[in-house]
Amino acid sequence: MGEACMKKVFALLMMALLTLGLAACGDSESGGGDGASSGKKTLTVWSFTDELEPAIETFKEKFDVEVELTIVPIEDYPTRLRPVLESGQGAPDIFTGELAFIKDWIEQGYWETLNQEPYNVDDIEDDYIDYVFELGRNSNGEVKALSWQTTPGGIFYRRSIAQEVFGTDDLAEIGEMFSTRESMLEAGDQLKEAGYRLFPDEGAIRWFAQGQDPQPWVNEDNELNMTEGRLNYFDYAKELREKDLTAFAPEWSPSWFAAMDGPINYNAGWDEVAEEAETEVEVFSYALPTWGLHSVLKENVEETAGDWAVTSGPNPYYWGGTWLGMYSQSENKDLAWEFIKMMTHDEEFLTDWAMETGDVLSYLPVTDKIKDEFSEDFLDGQNNYTFFLEEAQKINPDTVTRYDQQLDSMFGTVVSEYVEGVKTKDEAIAEFYNLVNSSYPDIITPDEQ
Amino acid sequence: MMQSKLNKYGYLFILPFFAVFLTFTVYPIVLTFYYSFTSYSGFGDAAFIGMENYQRLISDDYFWEAFYNTIYIWGINFGFQLGIALLLALLFSDIRLKMKGLSFFRAAFYLPNLITIASVALLFGILLGWHHGTINHLLLDLGLINEPINWLNNPTTARWSVALIGAWMWFGNTFIILMAGISGISNDYFEAALIDGANRLQMFTKITLPLLKPIMLYVLITSLIGGLQIFDLPMLLTDGRGSPQGSLNTMVLYLYNQAFKFNNYGYAAAIAYGLFIITVCFSLITFKAMYRKSVKGE
Chain P
1 MGEACMKKVF ALLMMALLTL GLAACGDSES GGGDGASSGK KTLTVWSFTD
51 ELEPAIETFK EKFDVEVELT IVPIEDYPTR LRPVLESGQG APDIFTGELA
101 FIKDWIEQGY WETLNQEPYN VDDIEDDYID YVFELGRNSN GEVKALSWQT
151 TPGGIFYRRS IAQEVFGTDD LAEIGEMFST RESMLEAGDQ LKEAGYRLFP
201 DEGAIRWFAQ GQDPQPWVNE DNELNMTEGR LNYFDYAKEL REKDLTAFAP
251 EWSPSWFAAM DGPINYNAGW DEVAEEAETE VEVFSYALPT WGLHSVLKEN
301 VEETAGDWAV TSGPNPYYWG GTWLGMYSQS ENKDLAWEFI KMMTHDEEFL
351 TDWAMETGDV LSYLPVTDKI KDEFSEDFLD GQNNYTFFLE EAQKINPDTV
401 TRYDQQLDSM FGTVVSEYVE GVKTKDEAIA EFYNLVNSSY PDIITPDEQ
Chain H
1 MMQSKLNKYG YLFILPFFAV FLTFTVYPIV LTFYYSFTSY SGFGDAAFIG
51 MENYQRLISD DYFWEAFYNT IYIWGINFGF QLGIALLLAL LFSDIRLKMK
101 GLSFFRAAFY LPNLITIASV ALLFGILLGW HHGTINHLLL DLGLINEPIN
151 WLNNPTTARW SVALIGAWMW FGNTFIILMA GISGISNDYF EAALIDGANR
201 LQMFTKITLP LLKPIMLYVL ITSLIGGLQI FDLPMLLTDG RGSPQGSLNT
251 MVLYLYNQAF KFNNYGYAAA IAYGLFIITV CFSLITFKAM YRKSVKGE
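These protein sequence lines map, in sequence, to chains P and H.
Taking the UniProt record's numbering, I'd label the letters of the first sequence as residues 1 to 449.
Taking the UniProt record's numbering, I'd label the letters of the second sequence as residues 1 to 298.
Hints are computed from structural coordinates only; laboratory data are not their basis.
There's no promise every hint is true.
In the DSSO-like style, the derived pairs of lysine-lysine whose C-alpha atoms are separated by at most 30 Å in a straight line are [stated by the list, open to error]:
no., chain 1, residue 1, chain 2, residue 2
1, P, Lys192, P, Lys423
2, H, Lys261, P, Lys238
3, H, Lys261, P, Lys103
4, P, Lys371, P, Lys341
5, P, Lys423, P, Lys238
6, H, Lys261, P, Lys423
7, H, Lys261, P, Lys425
The whole structure should be built from the sequences, with the hints applied where relevant.
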């Protein structure tokens with residue numbers, strides 16, 4: 001009796017579960033169907049961050065459409081996106097590209113060419129920061145992607161420390177100290193004497209590895225450019241280590257973040273402790289781009305808010321950036337183009353966007369109107385917007401190649417091997433050529449020339 | 001008639017497995033083999049270049065460095081993993097000690113295996129830091145070292161770090177397998193040995209070890225196959241390209257970088273087949289060696 005009853009209960013339970021499952025299926029189907037029957041068009045977007053979300057909300061209201069945003073983490077983004085674009089199955093109408101791989105992607109046929117009918121973006125070329133527009137252009141002169149933002153970098157420094165050590169926190173005067181790699185080291189010496197460290201870690205100077213005369217890593221003949229500036233960088237990095245000018249807090253590590261907000265613990269050796277008990281260090285400056293202010297500094301700082309300022313380093317540089325293009329096989333090109341238009345040259349929308357996010361825009365008609373209004377409390381009232389726009393104008397797009405991210409990383413590795421003393425400069429350079437040959441057999445390194 | 005009808009249903013039932021297996025396992029394996037003879041870069045068409053990738057593989061210093069690193073790291077890892085697991089298994093299975101709380105310890109030992117590798121890497125990244133690391137802080141305070149050691153920046157300490165973290169993560173798993181093996185050995189042997197006056201060491205070397213051989217072979221081969229594919233810790237602990245000085249450049253990491261960082265898909269496919277051949281060779285050698293010994297022993 002008991003067992004039979006149990007069986008019945010079990011059967012009922014299973015039936016209930018099955019019906020529930022079916023109902024759930026039915027729901028989602030009818031949900032999808034409703035969208036279609038109401039006649040709303042759906043735009044699909046793939047990206048690697050959620051930064052487009054507010055823009056998508058605006059777009060939905062403005063055009064009365066549905067937008068599906070798929071966010072894929074940056075590590076998987078190229079590998080997930082590529083097969084979809086190759087096959088066209090479930091491909092998005094719009095997808096974004098990051099600086100790290102944009103040079104590869106614009107050479108493929110995945111993005112629609114935008115400097116042709118009906119888009120004709122060449123007509124508005126002069127409205128953009130030069131390097132931002134040029135990075136979307138491939139070797140055949142076709143513009144494949146646009147960006148609404150520009151991401152030049154600067155050196156963020158602590159005003160109070162500048163006052164204490166240099167007697168001034170003036171932007172121009174500190175900028176002068178950072179204007180060459182040599183004068184930057186001198187400033188580092190002074191900071192060290194006063195008990196501060198110039199940078200959180202040695203990686204911070206990699207942006208200034210090229211020196212005053214930046215050249216692309218690889219020239220038109222596919223030869224590696226080992227310039228004087230890059231060769232000197234070895235010695236410069238070594239000096240930074242030997243003089244002990246950094247706090248050894250590696251980028252993105254907890255201590256790197258902690259050092260933004262005040263002194264951090266420091267494992268000094270016993271020798272040093274014997275001389276002068278230094279178990280804490282405080283960092284003077286960080287090399288960060290536009291987004292570093294909002295997404296890094298502001299997010300991790302409480303105590304030192306308002307004590308910062310930003311000025312230029314030995315050479316202009318930029319770090320990151322998101323570009324936007326439409327899939328060449330998309331069936332929704334009209335709508336996709338509307339979205340790109342809104343994101344990249346809709347004055348009203350971009351004005352709101354800049355005011356809300358503080359994003360430094362690449363579209364000059366808007367920045368010209370709004371740049372003077374900015375005053376950043378975090379930087380004690382400094383207008384960082386104007387500063388970054390000026391830095392952005394100095395950037396030369398011709399020095400960007402598709403190899404930059406990986407070559408910069410390999411170069412950093414061999415430089416630190418030289419700095420550590422495990423390799424001589426010649427050995428380190430030879431190792432660099434080996435690494436380049438192994439990773440990119442097509443590049444001709446100086447030892448093969 | 002009846003017979004054939006039954007057979008048909010049988011095929012129907014195994015069809016889903018084979019459909020999935022053919023699509024997601026066999027097809028990629030065959031395709032990879034094809035790509036290993038091309039210069040496929042991930043975009044567009046793949047140009048056929050014959051044996052070029054394999055010739056390059058054989059003379060590629062970075063690949064053999066990766067092979068050496070992989071074996072180095074796996075060797076230390078396996079030694080510690082098996083050593084600790086065996087010691088614990090003996091403690092817990094000793095009939096005179098009658099250790100309590102086996103199920104608790106079994107879970108506790110296994111726990112590191114359940115943490116995602118990214119968290120493990122982050123945790124040890126902080127512990128092993130140079131000027132801000134916890135371990136250096138501790139050693140300095142205890143006066144054991146005079147200046148902080150840059151653990152992850154020296155080839156030897158970096159390899160040992162990866163190997164020992166791996167051992168910490170996997171010894172629980174090995175422990176459980178060994179425990180299962182030991183509890184499969186009849187207590188009669190131990191009781192008889194006890195009566196004959198055998199000591200612990202004799203019981204271990206004359207009874208436990210020989211009877212545990214099949215299990216040890218299983219542990220060895222699974223660990224070897226897993227160890228040859230070590231990737232995640234070296235990838236996450238340093239710069240992802242095998243720093244310091246290429247000492248954490250393992251075979252699969254090298255494959256990954258060639259494919260997904262440098263877009264040399266064709267060459268990466270050749271590395272994959274190189275790795276496959278090496279794995280098969282190692283498994284055969286291990287199997288042969290263990291099998292012959294056990295035949296001799298009997």
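Here's how the hints hold up against the structure:
| no. | hint | in the structure |
| --- | --- | --- |
| 1 | P:Lys192 with P:Lys423 | holds, 27 Å |
| 2 | H:Lys261 with P:Lys238 | holds, 28 Å |
| 3 | H:Lys261 with P:Lys103 | holds, 14 Å |
| 4 | P:Lys371 with P:Lys341 | holds, 21 Å |
| 5 | P:Lys423 with P:Lys238 | holds, 12 Å |
| 6 | H:Lys261 with P:Lys423 | holds, 25 Å |
| 7 | H:Lys261 with P:Lys425 | holds, 26 Å |
Against the hints set out earlier in the document, no violation occurs for any number.
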